[in-house]
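Q: One line per chain: the protein sequences are E and F, in this order. The working numbering runs 9 ahead of the 1-based position in the first sequence. The working numbering runs 2 ahead of the 1-based position in the second sequence.
Honestly, the hints are just simulated from the structure, not real lab data. Worth double-checking, as some hints may not be accurate.
As the list claims (entries may be wrong) - Below, a list of computed lysine-lysine pairs in the DSS-like style, where the Cα atoms sit at most 25 Å apart:
no.	chain 1	residue 1	chain 2	residue 2
1	F	K69	F	K28
2	E	K114	F	K39
3	E	K66	F	K70
4	E	K66	F	K61
5	F	K39	E	K20
6	E	K114	F	K69
7	F	K61	E	K80
8	F	K61	E	K114
9	F	K69	F	K52
Read off the chains here:
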Amino acid sequence: DTGVSQDPRHKITKRGQNVTFRCDPISEHNRLYWYRQTLGQGPEFLTYFQNEAQLEKSRLLSDRFSAERPKGSFSTLEIQRTEQGDSAMYLCASSLDRPVKANEKLFFGSGTQLSVL
Amino acid sequence: QQPVQSPQAVILREGEDAVINCSSSKALYSVHWYRQKHGEAPIFLMILLKGGEQKGHDKISASFNEKKQQSSLYLTASQLSYSGTYFCGTAIQGAQKLVFGQGTRLTINP
């Protein structure tokens, strides 16, 4: 497998601008997750997709955030009207099935580091 | 609810052992362990399911005590390559996602 890829690796933007990140999961993986990670903290769940359906969103995800996974392949995460508090590493992960099943590990991408000035 | 990891940081010399704990207030169904090096993606280490099994590969092993809702990661005879931040990710029965702890930073010195 080629792994999970994310683009861009780094994004610097000014407060108030919109940004969009892309995630390409492992091709046969049905599930795709978005997490956010700030310095010194663990990954924090944002949302997940089962194929093209977005099945759960964290209450942390304000209406400025939107995610899509058209055709159940790649996914995009858009943040509108960015704020300084949005600065973080945005991680994408994929898996074949639910993480409670044996051997259903998450494969993470290297993330997109967002800096909002 | 986020699991709690302890300690928050550990500094060892090469060859020493370490134990990292992960505790939850909820009844857990599975615990995942991942390691992340600075600027890199978290890498999967192992999964433990309800049942208290112990797993391991090479010199890294883990246990899951479902009565205590606690998992421990054991690193024996640590190597320089073990340095990084270790995260536990937990799931309750029926969960669709992992909830990660805040991480334990492990530094191995020569």
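Q: Assess, step by step, whether the Cα of K66/E is no farther than 25 Å from the Cα of K61/F, and give holds or violated.
A: violated (38 Å)
Q: For a C-alpha distance cap of 25 Å, please report whether K61/F and K80/E respect it.
A: Outside the cut-off at roughly 42 Å; violated.
Q: Compare the distance between the alpha carbons of K39/F and K20/E with 25 Å, and conclude whether the hinted pair is satisfied.
A: Satisfied, since the Cα-Cα distance of roughly 20 Å is no more than 25 Å.
Q: When you check the alpha-carbon spacing of K69/F and K28/F, does it fall within 25 Å?
A: holds (11 Å)
Q: Hinted pair, alpha-carbon criterion (25 Å max): K69/F, K52/F. Please report holds or violated.
A: holds (10 Å)
Q: For a C-alpha distance cap of 25 Å, please report whether K114/E and K69/F respect it.
A: Satisfied, since the Cα-Cα distance of roughly 24 Å is no more than 25 Å.
Q: Is the hinted pair K114/E and K39/F satisfied, with a Cα-Cα distance of at most 25 Å?
A: holds (18 Å)
Q: Going straight from one Cα to the other, do K66/E and K70/F come out at no more than 25 Å?
A: violated (29 Å)
Q: Within 25 Å, alpha carbon to alpha carbon, are K61/F and K114/E?
A: holds (20 Å)
Consistency note: the structure conflicts with the earlier hints numbered 3, 4 and 7.
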